[in-house]
Structure formats: structure tokens, C-alpha cells
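Student: With the hints as constraints, model all of the structure from the sequences given.
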Amino acid sequence: MTSPWPGPTIEPLAEDALLLRFGDAMDAVLNARVHAAAARLRTLIATECVPAYASLLLRFDPLSWQGADGQAALERVREAVLAALQSAEESPVPPREIVIPVCYGGEHGPDIEAVARHAGLEVAQVIERHAAARYQVAMLGFAPGFPYLLGLDETLAMPRRADPRLRVPAGSVAIGGRQTGIYPQELPGGWHLIGRTPWAVFDLRARAPALLRPGDHVRFQPIDAVQYRQLSQATDAAR
Amino acid sequence: MSVHVLKPGLLSSLQDGGRSGYAALGIGRAGAMDTPAWQLANALVGNRGDEAALEFTLVGPTLQFDQLTTIAFTGAPVDARVGERSLPGWTCCLLPAGSVLRLGGMARGCRGYLAVRGGFSAEPVLGSRSIDLHARLGPLGGRALQAGDALSVGEHAPWHGLRCHAKATPLSWGLDPQPWFDFGQEPLALLRGHHFDQLDDASQRALFGAGFRLGKDSNRTATRLDGQRLNLRAPLELISEATLPGTLQLPPSGQPILLQAEAPVTGGYPRIGQLSAVDLPRLAQRRPGDAVCFRETTLEEASARLAQRQQRLQRLLQRIALRLESACPP
Numbered sequence: 030m031t032s033p034w035p036g037p038t039i040e041p042l043a044e045d046a047l048l049l050r051f052g053d054a055m056d057a058v059l060n061a062r063v064h065a066a067a068a069r070l071r072t073l074i075a076t077e078c079v080p081a082y083a084s085l086l087l088r089f090d091p092l093s094w095q096g097a098d099g100q101a102a103l104e105r106v107r108e109a110v111l112a113a114l115q116s117a118e119e120s121p122v123p124p125r126e127i128v129i130p131v132c133y134g135g136e137h138g139p140d141i142e143a144v145a146r147h148a149g150l151e152v153a154q155v156i157e158r159h160a161a162a163r164y165q166v167a168m169l170g171f172a173p174g175f176p177y178l179l180g181l182d183e184t185l186a187m188p189r190r191a192d193p194r195l196r197v198p199a200g201s202v203a204i205g206g207r208q209t210g211i212y213p214q215e216l217p218g219g220w221h222l223i224g225r226t227p228w229a230v231f232d233l234r235a236r237a238p239a240l241l242r243p244g245d246h247v248r249f250q251p252i253d254a255v256q257y258r259q260l261s262q263a264t265d266a267a268r
Numbered sequence: 010m011s012v013h014v015l016k017p018g019l020l021s022s023l024q025d026g027g028r029s030g031y032a033a034l035g036i037g038r039a040g041a042m043d044t045p046a047w048q049l050a051n052a053l054v055g056n057r058g059d060e061a062a063l064e065f066t067l068v069g070p071t072l073q074f075d076q077l078t079t080i081a082f083t084g085a086p087v088d089a090r091v092g093e094r095s096l097p098g099w100t101c102c103l104l105p106a107g108s109v110l111r112l113g114g115m116a117r118g119c120r121g122y123l124a125v126r127g128g129f130s131a132e133p134v135l136g137s138r139s140i141d142l143h144a145r146l147g148p149l150g151g152r153a154l155q156a157g158d159a160l161s162v163g164e165h166a167p168w169h170g171l172r173c174h175a176k177a178t179p180l181s182w183g184l185d186p187q188p189w190f191d192f193g194q195e196p197l198a199l200l201r202g203h204h205f206d207q208l209d210d211a212s213q214r215a216l217f218g219a220g221f222r223l224g225k226d227s228n229r230t231a232t233r234l235d236g237q238r239l240n241l242r243a244p245l246e247l248i249s250e251a252t253l254p255g256t257l258q259l260p261p262s263g264q265p266i267l268l269q270a271e272a273p274v275t276g277g278y279p280r281i282g283q284l285s286a287v288d289l290p291r292l293a294q295r296r297p298g299d300a301v302c303f304r305e306t307t308l309e310e311a312s313a314r315l316a317q318r319q320q321r322l323q324r325l326l327q328r329i330a331l332r333l334e335s336a337c338p339p
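Line by line, the protein sequences are chains A and B. The first sequence runs contiguously to residue 268 in this note's numbering. The second sequence runs contiguously to residue 339 in this note's numbering.
Any given hint might turn out to be false.
Covered by chain A, according to a simulated footprint, are these stretches of chain B (three or more residues, beta-carbon under 8 Å) [said to hold, decoys possible]:
#1 134 to 145
#2 274 to 284
#3 307 to 315
Straight-line distance between alpha carbons at most 25 Å, and here's what the computed SDA-like set of lysine to any residue pairs gives [said to hold, decoys possible]:
#4 Lys225(B) to Pro193(A)
#5 Lys225(B) to Val68(B)
#6 Lys176(B) to Thr71(B)
#7 Lys225(B) to Pro217(A)
#8 Lys225(B) to Ile248(B)
#9 Lys225(B) to Arg163(A)
#10 Lys225(B) to Asp192(A)
#11 Lys16(B) to Ala106(B)
#12 Lys176(B) to Met10(B)
#13 Lys225(B) to Leu19(B)
#14 Lys225(B) to Gln155(B)
#15 Lys16(B) to Ala131(B)
#16 Lys16(B) to Glu195(B)
#17 Lys225(B) to Leu216(A)
#18 Lys176(B) to Val109(B)
#19 Lys225(B) to Arg194(A)
#20 Lys176(B) to Gly127(B)
#21 Lys225(B) to Tyr278(B)
#22 Lys225(B) to Ala109(A)
#23 Lys176(B) to Pro260(B)
#24 Lys225(B) to Ala215(B)
Everything labelled a hint here was simulated from the structure, so no lab data went into it. Glycine included, every Cβ here is placed at the ideal spot set by N, Cα and C.
Tutor: Structure, rendered in C-alpha cells:
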């Protein structure tokens, strides 16, 4: 039986954790392989299954994986991982696509002019290019529900701010290096703020606390300040 | 029934076994830093083991109990008083209604655990009552205890094991904290991390030889290690990957940081080591300025030590349950 993709390297990280490495680049195709592997392994093996750009962390319960023959739990998990990745299963469910409304510029995106200057573009072109792309949620991290999105138009890439802000408002859509992301709650942050979504990106009262999951596809829909206000009120009312 | 916080102590928070299954959404485990001490405190009041207890740091809180309450505290040795009466740790005590318990300073160690019979019963957030101070998530809006807070206590069967005196009364037996509290501050066992080989020779030797001091700004997110600066052979450009509590990272400052219970779930610094699971609670009991030395371990040894400790802990938990039952006829 042939594997649908070249196998990852498997590195034991701790007594109860393995790290699968699929490569060492920030690349949407590579990252999609991570999510496909996560979909196969999540329920089978792990108590935690944490995708990142090119790697996947699996945590397991060493006691329940301990072999009766004394075989180490790590070895048994490694074998189960390899078997699961090699089994010729149906391709995993296609990713969800979520369209997120964003009010670009102005008070909602105070750094958009700096991004435009850095890119040598007009502000309108920055908005157009940022909203034209289809992004992939590479991973969530930094803070609960913070999505790192792959797929930023290369011309919009910009190194992080030299002086990070102590408070970035919740919902801020920002650019940091070659990535874009959304601040799910008020947080300190060093990325350039180009807009804000009125939607709740992280809400503990919701059935699914994080709006986005690893592997999701995301598009941004530009809205104006009036629409922002209306949607914001709707979000508050839903809380 | 409620426990009223008169003074919060230096940093006190509700903690249980932590939040499991949400790391992929960027939500870490949090939970008690010294897990065996937390479990034993619960066991000593007859809880099943996963109830929330109070974790306090360096200076404990002052609490008033509005009803008769069974308590136990474990972890670092702490000066504990009800009125003039001093109470021992690592056993359970019955406090009459209205008692004010003052948990003071610690002669050594860093963290203590106060369990109450029935457990602290705040509404769980994502399946756990642990307060994640860094992510601001959990009961009390994810913040530390403040004066004026009232903590409710879960329903529980009445306790007959101790006669109710007018004064706070400890049980006549207790646990020996010796195996569960790191009095000797022995070296901590560290696994080589993925980027250990990228350290220059002097830094490789220093990691397992030189010794460090626990930095002042250490907290439930990370333990900072001051001492000899560690250097890479050449700078590394890394992309973020998942991290774990116990992961030893090397930021550009050259001073390693060891990730703790509330660390972000991903990180992009070189990963130079992983603390063995058995030694995480031991490190949690070091206080700023304490010495930290590492010795090298292997996964086989680390796994064996973990299995052995879990066995010992399970046996002890069973023994405690049996003793409490015999003291408390049905």
C-alpha cells in the first residue's frame, strides 16, 4: 500500500507527546497535509492534536497506550500513527470556507496607510488585494482563538512593528510578516492593524468558542463603517 | 456555603487538572502546577481528585468560612493559623463555622494548595475550573483572587471523621510530605530538545553543567532561567510549532525559558530541551533566586520515573481513601 504523501518524521517530544514534521516551510500545500493528517489522527490517538504550519503535535495518555508486553507507549503510538497515515482512506472532508466582514482603514485599521506606503500602493489597492485572497488557517496560537492565516498577497508583507501596542482591540485584522491574522480579544500585539471585523472571533458563550478552526478557508468581505456598526450591534445582541 | 476572601495573598487562583482538548484552538491546559500536591490535598478531604483547589504563591490568602468546613493544605510548607492556633499541612482539619484561616508566608517552596471537602464549585469554563491568568479564561473572568471574592463550595456528604470542637481541629494522622515536596533541590532531569545540537559546544556543556537561577519574572506561563548565556552555532529561522509545558526554549536573549502550565500552545524559538514530567512539579516549587541545575535524561528513564510516580501516587490516594472511610462509618 502506498502512502498518499511522503511520510513525516516523527520525533518524541516528551513522555506523552510526539511531533510529526512534514517539512520546514510556511506553505499552504504543506500545511494542508498537516490538517489532513490531523483529521485522521485526532480521534484515533490523541488527547491533544495541535497542527502548526508544517508539524502536528500529538499528546496521548501513556497509561492507556502501555503495552501488556511492556512495549513502550511511545513506540505503540508511533506504530499506530504510521498505520493510520498509510491506510488508503477517503480524502478528508473539504475545508469549510468562512467569509468574514471587515471594515478596512480609518479608526478600525490605523496602520493601513503605513502598509500602503511600505508596499508602494494606494490604500484602496491594499484593501483590494487583502480581500481578494483566499486564506488558510494554518494554526491557532498566541492567544485563544488567534488564527494565523496563510495566503497573504506577497506585496502586502511587512515586518512587525518595532514598538508593539499594549492593547490591540478585539476583532482587529492585522499583517505581521508574510501572514495575516485576527485578534480574537483585546491583546498586546506587534502586527500592523489594517481593519476590524464586527464578528466575535472568540466567544466562550458560543457552542464553538473559536470562530475558526485549523484548516478552515477564510475570505474577507470589505464593509463600510455603517455596516460595521450594524453588525457590531447584532453581535452584541447575540451575546 | 461560601468561602470569603479577606486577603487574596500574593497570587491565588482556582486550579484543577486543567483544560484538555482545546490546544488546537489556542487554549492551553493551565491547571495546578504541582499536580501531586493538588491531588493529595483533594484526597485528604475525601474529594475524588479532580475538584478545584486554591493554588497560592509565596504568601497565602486569608479566608473566612461561613460554615463548618473540612480543609487540607499541601505543597510548600506554609504558616497556617486560625486565631492563635497553628494548623499542620498534609492532613485534614475541621474548621468551625466563622473560622478565619490565615495562610501566611512559606519558609521554602513556592506554591501551596488548599482543598475543601466538596471542592470549589465555580462554573467550569470549557470543561475545567482552572483559571488561566495568562489567557484571562476560566472562573472569576480568568483573574486571580481579590479581597471581597466569595467562593462557593460543592455539595458533599457530611463529615463524621472528626469531632466538631469549638476550635479548629486537625486529624490525628497526616502524610509525610518528604517524597512529594522537593526539600533537597536535586538536579532536574532534562531531555535533549530538537535544537540542542545547534547550541555551540560551550553552551551544550553549560546547559547540563553550569546551573541557573530562577528569574524574578517567572510565573505560571514560563520559568525564566538566569545564568550563563547560551548561544547557537548560527542563528536559526524557525517557523512556529506546538509547544508543551516543560519545553525549554532559547529566545534571542540567550537566557532559556521553560514553558509552564499557561504557556501559549505554539512557539517559534529553538527547542533545546524538555523537562521530564516528574520534575515539572519540583520546578514549580522553586522560588525566584533558587538554584536550578539540569542533568541529562533519556525518554526511557523519564517514562519509567513517571510510571513509577503515578503508581506510588495511586497507591497513596487509595490508602488515604481507605483511612478516611474507616474514620467515617457509613
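Student: All hints are to be evaluated individually against the structure, with a verdict given for each.
Tutor: Each hint, compared with the structure:
1. 134 to 145: holds (count 4)
2. 274 to 284: holds (count 4)
3. 307 to 315: holds (count 5)
4. Lys225(B) to Pro193(A): Roughly 23 Å separates the two Cα atoms, so the pair holds.
5. Lys225(B) to Val68(B): Holds: Lys225(B) and Val68(B) sit about 16 Å apart, inside 25 Å.
6. Lys176(B) to Thr71(B): Status holds; Cα separation ~17 Å.
7. Lys225(B) to Pro217(A): Given that 25 Å is the threshold and the Cα spacing comes to 22 Å, the pair holds.
8. Lys225(B) to Ile248(B): 29 Å, violated
9. Lys225(B) to Arg163(A): Given that 25 Å is the threshold and the Cα spacing comes to 44 Å, the pair is violated.
10. Lys225(B) to Asp192(A): Holds: Lys225(B) and Asp192(A) sit about 24 Å apart, inside 25 Å.
11. Lys16(B) to Ala106(B): Holds, at about 18 Å.
12. Lys176(B) to Met10(B): 19 Å, holds
13. Lys225(B) to Leu19(B): OK: Lys225(B) and Leu19(B) at ~14 Å, within 25 Å.
14. Lys225(B) to Gln155(B): 22 Å, holds
15. Lys16(B) to Ala131(B): 19 Å, holds
16. Lys16(B) to Glu195(B): 34 Å, violated
17. Lys225(B) to Leu216(A): 23 Å, holds
18. Lys176(B) to Val109(B): At roughly 11 Å apart (the allowed maximum being 25 Å), Val109(B) and Lys176(B) satisfy the hint.
19. Lys225(B) to Arg194(A): Holds: Lys225(B) and Arg194(A) sit about 24 Å apart, inside 25 Å.
20. Lys176(B) to Gly127(B): Answer holds: Lys176(B) to Gly127(B) is near 21 Å, not above 25 Å.
21. Lys225(B) to Tyr278(B): Distance of about 21 Å is within 25 Å: holds.
22. Lys225(B) to Ala109(A): Since the Cα atoms of Lys225(B) and Ala109(A) sit roughly 43 Å apart, the hinted pair is violated (cutoff 25 Å).
23. Lys176(B) to Pro260(B): 53 Å, violated
24. Lys225(B) to Ala215(B): Given pair Lys225(B), Ala215(B) holds - Cα atoms ~21 Å apart, limit 25 Å.
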